[in-house]
Amino acid sequence: MTSEVFPQSRVAGRLSEPRPALVEPAFDGSPRVVNRHAVALVREEWHVVDRWWTEEPVRRRYFEVVLESGQNTIVFRDEERGSWFIQRGA
Amino acid sequence: MIACISIAGFELRAAMYSRPRLALEPAALAPVEGTEPRLGPVTAAAEAAGVQPGMRLGEALAMCPSLTLVDQDPAAAEQEWEAIVRRLEDAGFAVEPAALGCAYFETGGVERLYKGLEGALRRALEAVGPTWDARVGAADRRFAALTAASVARPGQILVVSDEQTPAFLAPHPLTLLPLEPDRRTELNELGVRTVGGLAALPDASVAERLGGDGRRAHGLARGGSRRRVRGRRQPAEIVETLEFPEAVGNELTLRRAFGALLEQLLARPERAGRFIRKVAIAATLAGGGSWRRTVTLRDATAEQDRLKAALGSKLAELPSPVLELRLELVELTASRGQQLELVEAQGATVQSHLSEGLRQVRASAGSGSVCTVLEVAPWSRIPESRALLVPRDE
Numbered sequence: 001m002t003s004e005v006f007p008q009s010r011v012a013g014r015l016s017e018p019r020p021a022l023v024e025p026a027f028d029g030s031p032r033v034v035n036r037h038a039v040a041l042v043r044e045e046w047h048v049v050d051r052w053w054t055e056e057p058v059r060r061r062y063f064e065v066v067l068e069s070g071q072n073t074i075v076f077r078d079e080e081r082g083s084w085f086i087q088r089g090a
Numbered sequence: 001m002i003a004c005i006s007i008a009g010f011e012l013r014a015a016m017y018s019r020p021r022l023a024l025e026p027a028a029l030a031p032v033e034g035t036e037p038r039l040g041p042v043t044a045a046a047e048a049a050g051v052q053p054g055m056r057l058g059e060a061l062a063m064c065p066s067l068t069l070v071d072q073d074p075a076a077a078e079q080e081w082e083a084i085v086r087r088l089e090d091a092g093f094a095v096e097p098a099a100l101g102c103a104y105f106e107t108g109g110v111e112r113l114y115k116g117l118e119g120a121l122r123r124a125l126e127a128v129g130p131t132w133d134a135r136v137g138a139a140d141r142r143f144a145a146l147t148a149a150s151v152a153r154p155g156q157i158l159v160v161s162d163e164q165t166p167a168f169l170a171p172h173p174l175t176l177l178p179l180e181p182d183r184r185t186e187l188n189e190l191g192v193r194t195v196g197g198l199a200a201l202p203d204a205s206v207a208e209r210l211g212g213d214g215r216r217a218h219g220l221a222r223g224g225s226r227r228r229v230r231g232r233r234q235p236a237e238i239v240e241t242l243e244f245p246e247a248v249g250n251e252l253t254l255r256r257a258f259g260a261l262l263e264q265l266l267a268r269p270e271r272a273g274r275f276i277r278k279v280a281i282a283a284t285l286a287g288g289g290s291w292r293r294t295v296t297l298r299d300a301t302a303e304q305d306r307l308k309a310a311l312g313s314k315l316a317e318l319p320s321p322v323l324e325l326r327l328e329l330v331e332l333t334a335s336r337g338q339q340l341e342l343v344e345a346q347g348a349t350v351q352s353h354l355s356e357g358l359r360q361v362r363a364s365a366g367s368g369s370v371c372t373v374l375e376v377a378p379w380s381r382i383p384e385s386r387a388l389l390v391p392r393d394e
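Which chain is which? The protein sequence lines are U and Z, in order. The first sequence runs contiguously to residue 90 in our numbering. The second sequence runs contiguously to residue 394 in our numbering.
These are computed hints drawn from the structure, not numbers from a lab. Note that CB positions come from ideal geometry on N, CA and C, so glycine has one too. Check the hints yourself; a few may be wrong.
Unchecked claim - Between beta-carbon pairs, the in silico distance windows are:
hint	chain 1	residue 1	chain 2	residue 2	range
1	U	E45	Z	Q79	47 to 53 Å
2	Z	A316	U	N35	43 to 49 Å
3	Z	S369	U	S16	15 to 21 Å
4	Z	R21	U	R88	47 to 53 Å
5	Z	P319	U	N35	41 to 47 Å
6	Z	T301	U	V11	28 to 34 Å
7	Z	Q351	U	N35	36 to 42 Å
8	Z	Q351	U	G82	47 to 53 Å
9	Z	R298	U	N35	58 to 64 Å
10	Z	E243	U	R88	20 to 26 Å
11	U	R59	Z	D299	52 to 58 Å
Modelling step: build the complete structure from the supplied sequences, incorporating the hints.
Have a look at this one:
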């Protein structure tokens, strides 16, 4: 005698997950080249500092840039890890 | 005959299942948060150190400082118990679970199959498995079977015939009977300390002095009812699980995740339009352990709003942040019982076109290509924490 069992497991992903980016910074720390595309304009810059009370603090310096191709992109430098990321929907 | 299978301290054993070494050390099931700090079942090593089940936590730790407290894991306990009941059912027994670690079954229908009563009971012990130290009692009455299973040694079979029942029950202490501690104290003060002592009292006097509970205990002391065992209905477990990328403690987030899970669960083709009678919500907790609540609906339904109202409030009882949320349709109605619609509901055509479109996307792009965006913390300053992508495969 067996009963019907229909388990289904789903692993939720994150929307707007940051992806590593290849960025060449200028002398003031702003991005000069993003993924081999030159930056035409830095439109905005802001900082996000959060979760400093946890073991995984967040310290990011965000830049909204316009590339020479005309594409609008948001990149940030992770100050904790010292690396650059590109993020959509930020 | 009626047989009772009993596993002492089942919840502790289930919680220690992944850490079997603990069974050899002084350990006890930790009290549930927010309740009186009293211990659950304890291991033999803890008992040898003087720790008793039901003892106050402080007293137990003072008596045995090396005592390990094992967090309750109700989801694991339910799963393990369900697996045991299924193994018994697979062996041909119609099982009526009474509580976690205790179930009744009739041996009449399978005695010929297993060459007699003892063969059938041995088969039941085998079905449970050697790791659980199960005990089996058999008698013509339920209470006698339960008592026999309670006093048997692990792995032992104890059969009590109807003629032997009064003499078998008589010397046992009153703690075997479902009596309030005050009532037991009252009886002790009256010099009634055994089941036999209570059984010897006149029916009317017990009813007058001890009320309804006392009458029931008195009936049990005289052997209890001969009510036959009714095997449980086959459970149809349709399960949906959602793993979070990080622990979630926010109730609003959990409610949204629960809403998405419920929607997916109701859309599962295995439900085949049947209504939901019993549903369970379970969670894996961030600090270890699990949490589980089961709700039996008064009227079976498949309406999302009613199910949300019945289960959603349970999320507020979660003791700590959650790593995984699980929703189970435990019992469904036998048939649909749904009246056909005379007029198609508003938006049904659009809905069917949309479903067909999504089906085609899934067919061409593969499983996991269609997702629901579940907004979980829209206020967060960290963009990737604001919403989750939950795959939809129905």
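Hints, verified against the model:
At about 52 Å, the beta-carbon gap between E45 (chain U) and Q79 (chain Z) stays in the expected band of 47 to 53 Å. Roughly 46 Å separates the CB atoms of A316 (chain Z) and N35 (chain U), a value that falls within the hinted 43 to 49 Å. Against the hinted window of 15 to 21 Å, the Cβ-Cβ separation of S369 (chain Z) and S16 (chain U) comes to about 18 Å, which satisfies the hint. For R21 (chain Z) and R88 (chain U), the hinted distance range of 47 to 53 Å is satisfied, since their beta carbons lie about 49 Å from each other.
Taken as a hint, the range 41 to 47 Å holds for the pair P319 (chain Z) and N35 (chain U), whose Cβ atoms sit roughly 46 Å apart. The hint said 28 to 34 Å for the Cβ distance between T301 (chain Z) and V11 (chain U), and at roughly 29 Å that hint holds. The supplied range of 36 to 42 Å is met by Q351 (chain Z) and N35 (chain U), whose beta-carbon atoms lie about 41 Å from each other. Between Q351 (chain Z) and G82 (chain U) the Cβ separation comes to about 49 Å, which falls inside the hinted range of 47 to 53 Å.
About 59 Å separates the C-beta atoms of R298 (chain Z) and N35 (chain U), a value consistent with the hinted range of 58 to 64 Å. Checked against the hint of 20 to 26 Å, the C-beta distance between E243 (chain Z) and R88 (chain U) comes to roughly 23 Å, which is consistent with it. Taking 52 to 58 Å as the suggested C-beta distance range, the pair R59 (chain U) and D299 (chain Z) conforms, at roughly 54 Å.
Against the hints set out earlier in the document, no violation occurs for any number.
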